[in-house]
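A.B. asks: Please put together the full structure from these sequences, using the hints given.
Each protein sequence line maps, in turn, to chains A and B.
With our numbering, the residue at position 179 of the first sequence is 179, and numbering never jumps.
With positions in the second sequence counted from 1, the corresponding number in our numbering is that position plus 317.
Note that these hints are calculated values from the structure, not bench results.
Take these hints with a grain of salt, some might be off.
If you want the footprint, here are the derived chain B segments under chain A, 3+ residues with CB under 8 Å [as the list claims (entries may be wrong)]: (1) 379-386; (2) 410-419; (3) 437-446; (4) 474-482.
Below, simulated BS3-like cross-link-like pairs (lysine-lysine); rule was C-alpha separation at most 25 Å, straight line [what the hints assert, rightly or not]: (5) B:432 to A:231; (6) B:804 to B:814; (7) A:231 to B:410; (8) B:449 to B:432; (9) B:861 to B:814; (10) B:405 to B:332; (11) A:231 to B:449; (12) B:410 to B:332; (13) B:692 to B:713; (14) A:231 to B:405; (15) B:576 to B:554; (16) B:804 to B:853.
Cβ coordinates follow ideal geometry from the N, Cα and C atoms, glycine included.
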Amino acid sequence: MSHIWSMIAKRLALGLLTLFIVSVLIFLATELLPGDFAQEFLGQSATPETVAAIRRELGLDQPMVTRYFDWLGGVVTGDFGNSLSNRRPVADLIATRLGNTLFLALYAAAIAVPLSLILGILVALFRNSMFDRIANASALTAISFPEFFVAYILILWLAQTGVFPSMARIPATAGWGEILYRTFLPALTLTLVVTAHMMRMTRAAIINLLASPYIEMARLKGMNPMRVIVKHALPNALAPIINVIALNLAYLITGVVVVEVVFVYPGLGQLMVDSVASRDMPVVQAVALIFASAYVLLNLLADVLSTLSNPRLIHRR
Amino acid sequence: MSDQFADKDVLLTIKDLRIEGRSDETWSPIVNGVDLTLRKGEVLGLIGESGAGKSTVGLAAMGFTRDGCRISGGTIDFDGIDLRKAGKDTRRKLLGKRIAYVAQSAAASFNPAHKLIDQYSEAPVQHGVMGKAEAERDAVDLYRRMQLPDPDSIGFRYPHQVSGGQLQRAMTAMAMSCRPDLIIFDEPTTALDVTTQIEVLAAIRNIVEQFDTAAIYITHDLAVVAQMADRIKVLLKGDEVEEADTYTMLSAPQEDYTKSLWAVRSHTRAEQPPVGKGTTPVVSVRNVTAGYGTVDVLMDVNFDIHQRRTVAVVGESGSGKSTTARVITGLLPPRRGEVLFDGEALPPDYRQRSRDQLRQAQMIYQMADTALNPKLRIRELIGRPAQMYLGLRGRKLTERIRNLLDLIELEPDDYIDRLPSELSGGQKQRIGIARALAAEPRFIICDEVTSALDQLVAEGILKLLDKLQTEFDLAYMFITHDLATVKAIADEVVVMKEGRVVEQGPKTDMFQPPHDPYTELLLSSVPEMDPDWLSKLLAERAAKGQ
Numbered sequence: 001m002s003h004i005w006s007m008i009a010k011r012l013a014l015g016l017l018t019l020f021i022v023s024v025l026i027f028l029a030t031e032l033l034p035g036d037f038a039q040e041f042l043g044q045s046a047t048p049e050t051v052a053a054i055r056r057e058l059g060l061d062q063p064m065v066t067r068y069f070d071w072l073g074g075v076v077t078g079d080f081g082n083s084l085s086n087r088r089p090v091a092d093l094i095a096t097r098l099g100n101t102l103f104l105a106l107y108a109a110a111i112a113v114p115l116s117l118i119l120g121i122l123v124a125l126f127r128n129s130m131f132d133r134i135a136n137a138s139a140l141t142a143i144s145f146p147e148f149f150v151a152y153i154l155i156l157w158l159a160q161t162g163v164f165p166s167m168a169r170i171p172a173t174a175g176w177g178e179i180l181y182r183t184f185l186p187a188l189t190l191t192l193v194v195t196a197h198m199m200r201m202t203r204a205a206i207i208n209l210l211a212s213p214y215i216e217m218a219r220l221k222g223m224n225p226m227r228v229i230v231k232h233a234l235p236n237a238l239a240p241i242i243n244v245i246a247l248n249l250a251y252l253i254t255g256v257v258v259v260e261v262v263f264v265y266p267g268l269g270q271l272m273v274d275s276v277a278s279r280d281m282p283v284v285q286a287v288a289l290i291f292a293s294a295y296v297l298l299n300l301l302a303d304v305l306s307t308l309s310n311p312r313l314i315h316r317r
Numbered sequence: 318m319s320d321q322f323a324d325k326d327v328l329l330t331i332k333d334l335r336i337e338g339r340s341d342e343t344w345s346p347i348v349n350g351v352d353l354t355l356r357k358g359e360v361l362g363l364i365g366e367s368g369a370g371k372s373t374v375g376l377a378a379m380g381f382t383r384d385g386c387r388i389s390g391g392t393i394d395f396d397g398i399d400l401r402k403a404g405k406d407t408r409r410k411l412l413g414k415r416i417a418y419v420a421q422s423a424a425a426s427f428n429p430a431h432k433l434i435d436q437y438s439e440a441p442v443q444h445g446v447m448g449k450a451e452a453e454r455d456a457v458d459l460y461r462r463m464q465l466p467d468p469d470s471i472g473f474r475y476p477h478q479v480s481g482g483q484l485q486r487a488m489t490a491m492a493m494s495c496r497p498d499l500i501i502f503d504e505p506t507t508a509l510d511v512t513t514q515i516e517v518l519a520a521i522r523n524i525v526e527q528f529d530t531a532a533i534y535i536t537h538d539l540a541v542v543a544q545m546a547d548r549i550k551v552l553l554k555g556d557e558v559e560e561a562d563t564y565t566m567l568s569a570p571q572e573d574y575t576k577s578l579w580a581v582r583s584h585t586r587a588e589q590p591p592v593g594k595g596t597t598p599v600v601s602v603r604n605v606t607a608g609y610g611t612v613d614v615l616m617d618v619n620f621d622i623h624q625r626r627t628v629a630v631v632g633e634s635g636s637g638k639s640t641t642a643r644v645i646t647g648l649l650p651p652r653r654g655e656v657l658f659d660g661e662a663l664p665p666d667y668r669q670r671s672r673d674q675l676r677q678a679q680m681i682y683q684m685a686d687t688a689l690n691p692k693l694r695i696r697e698l699i700g701r702p703a704q705m706y707l708g709l710r711g712r713k714l715t716e717r718i719r720n721l722l723d724l725i726e727l728e729p730d731d732y733i734d735r736l737p738s739e740l741s742g743g744q745k746q747r748i749g750i751a752r753a754l755a756a757e758p759r760f761i762i763c764d765e766v767t768s769a770l771d772q773l774v775a776e777g778i779l780k781l782l783d784k785l786q787t788e789f790d791l792a793y794m795f796i797t798h799d800l801a802t803v804k805a806i807a808d809e810v811v812v813m814k815e816g817r818v819v820e821q822g823p824k825t826d827m828f829q830p831p832h833d834p835y836t837e838l839l840l841s842s843v844p845e846m847d848p849d850w851l852s853k854l855l856a857e858r859a860a861k862g863q
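C.D. replies: Right under this line is the structure:
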């Protein structure tokens with residue numbers, strides 16, 4: 001087991017490096033955009049004097065390198081600074097949004113992961129049957145449409161008929177049942193978008209193993225087809241499946257801005273887009289770091305789980 | 318039919334079995350009407366070369382065909398049940414419970430994700446023969462009877478934690494778990510070393526006798542089948558050649574094909590005059606110690622290989638034969654010691670060797686299948702080294718390729734534009750030889766080049782290598798675990814065990830006593846055609862307290 005801990009430590013260190021590089025890249029990218037916060041903030045009423053005043057007040061007149069390291073110094077001590085737009089601490093601004101984003105991602109994952117695993121196992125079991133073809137075709141159809149299209153179709157079918165609300169804004173007093181009800185449509189949209197990938201990977205990973213001698217052995221021991229798949233093929237197919245799940249979970253956290261916009265859901269993605277538009281650097285940086293951390297941590301988790309699923313790696317000779 | 322079983326009940330009757338295999342959308346016959354009768358407690362040996370259809374027949378006896386095969390005719394009657402007509406569920410209830418299977422490679426046929434004992438108890442529990450706890454107790458008992466070390470705890474290991482010979486015994490124990498009436502042994506010892514093979518053969522024979530189990534024993538090794546079977550059936554390309562009880566079959570085979578199989582290897586290399594004193598060897602391995610990570614795999618290895626001589630390096634898996642080859646080729650720089658070529662030290666790492674040094678030493682591999690790029694045509698496979706090392710281009714290159722194909726006895730016009738997939742196993746190995754020759758080397762390492770081939774094909778390859786050696790003054794290092802091959806081709810023998818050279822010298826000395834104890838063990842473990850060989854050997858060893 002000790003090599004797993006050392007792997008985790010190494011990967012975390014590499015993850016920190018990744019985060020640093022991401023923060024530099026994001027900083028440079030926003031610098032390259034035309035205009036800055038002062039100009040965007042003042043808009044049409046900008047005069048060179050007012051722009052300069054705001055820049056001076058917010059420290060935007062400092063050289064780029066100085067600003068970056070001031071910001072980095074704050075982050076290292078846990079201070080993400082204040083939003084340029086409304087002067088509130090970035091941490092407060094992000095806290096509720098992050099909660100919302102994680103909730104929606106978990107909600108969608110709670111439906112999508114079991115669904116795609118079960119479907120993947122079933123289509124592997126009934127491979128090349130009508131069921132296999134229909135399941136594959138519908139999953140591919142769902143993934144081929146752009147997210148907003150799927151979202152609007154669902155609104156058309158399920159919200160226009162009044163079954164589910166099309167706005168996912170949650171009143172502060174809402175109980176769990178109501179929250180789940182109000183956010184069902186965005187969760188369903190995301191499920192439709194990610195299921196195909198995971199299901200097809202599960203199917204492929206299992207079918208890939210069916211020609212192995214140990215699968216033939218299981219059949220020759222008289223085991224039924226379901227047991228052959230679940231007990232003999234699946235445990236050996238876990239590594240690729242886990243990796244695809246991690247990739248899709250990361251997508252659910254970082255890539256859902258379109259769905260948030262369609263359903264007016266106050267998540268991180270929307271905040272990120274708004275902040276880029278207004279050149280609100282501290283917020284952009286903080287959100288980018290959260291997204292990057294999600295990728296780093298989920299990939300690390302996937303690697304640890306893949307290792308644990310392989311007896312050859314945990315039980316040495 | 319042997320008298321011993323004449324009064325026993327018939328267990329399995331196969332009549333006019335026909336099986337077809339699919340290639341490119343058409344079905345072509347693989348088995349053309351084989352009949353087979355097996356009585357309770359009887360062991361039938363099924364022998365033939367690759368492509369004879371023996372595994373296919375063995376699996377069909379379980380009512381099973383591999384993907385891409387189908388049973389197209391005949392009947393398979395197991396104890397009154399017609400396996401062809403029986404539904405899937407009926408068949409599944411027999412498999413594992415009344416008919417069990419032992420595969421060629423236990424390492425590949427055990428599921429890497431589960432412990433041995435869980436795989437043992439799966440069949441009894443799923444077929445409702447016994448509960449999990451009882452099955453586990455039973456497993457320990459059978460592991461003990463199979464003479465596995467630590468029978469109480471070995472089952473709680475994963476397959477990768479157990480050696481090949483032990484896995485093969487654990488698999489036989491697993492097949493026994495429901496006390497089946499019939500076991501199909503599909504080449505169970507082919508992948509094992511000779512000394513391990515003995516233990517597995519003895520354990521299998523012992524347990525089959527104890528439980529009075531009937532068995533079909535599939536193998537290409539006549540000496541092995543002679544030890545195991547009561548009766549032998551010979552197959553050739555899906556047809557039955559002949560069948561008789563073991564003693565009759567060995568002493569008086571009727572058919573020409575059987576006689577050719579029985580014939581002792583005819584090829585033996587002419588004895589070479591001793592190497593003159595003071596001759597510089599082509600390759601000289603000096604005090605080499607090498608290993609992977611922190612583990613030393615080779616310890617202080619020394620031997621010379623002279624021009625026009627073949628040195629056979631013999632030993633079991635893990636003895637360091639292939640590691641020695643890796644050190645000589647520079648793939649694994651040694652920790653201590655050096656490799657001399659024509660008396661001059663070679664740089665330890667192949668990356669530091671000159672192109673000419675690389676050209677001088679070539680390799681031929683065990684698995685021609687994986688050693689040839691499947692996407693390249695023969696022209697490119699052989700042409701590439703000639704182009705790279707000798708700078709041949711255009712017409713000269715084509716001429717050289719055709720010349721090489723002539724040398725390996727393949728018709729140039731016919732073969733030059735083929736892909737490896739359009740060749741037989743023996744032909745692929747010939748291309749491997751041509752590729753090594755293309756560089757015009759002075760030294761070739763042959764790594765188990767015949768062990769994946771049928772006996773008759775292997776002999777052709779050995780003859781070819783012998784001819785080429787004389788023609789081009791080559792020095793060979795011949796890595797093998799097969800002592801019959803050593804007899805056929807070697808001038809000198811180096812016996813390795815656990816990374817050390819335990820004995821070395823001229824072949825003639827090697828096959829005459831007195832031996833080093835390990836050489837003795839290796840030599841005595843090679844199965845002989847005498848059906849009583851195994852019993853005698855075991856009795857002898859027991860008497861010596863081995």
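A.B. asks: Hint numbers the structure violates, sorted upward?
C.D. replies: When the structure is compared with the hints, none of them turns out to be violated.
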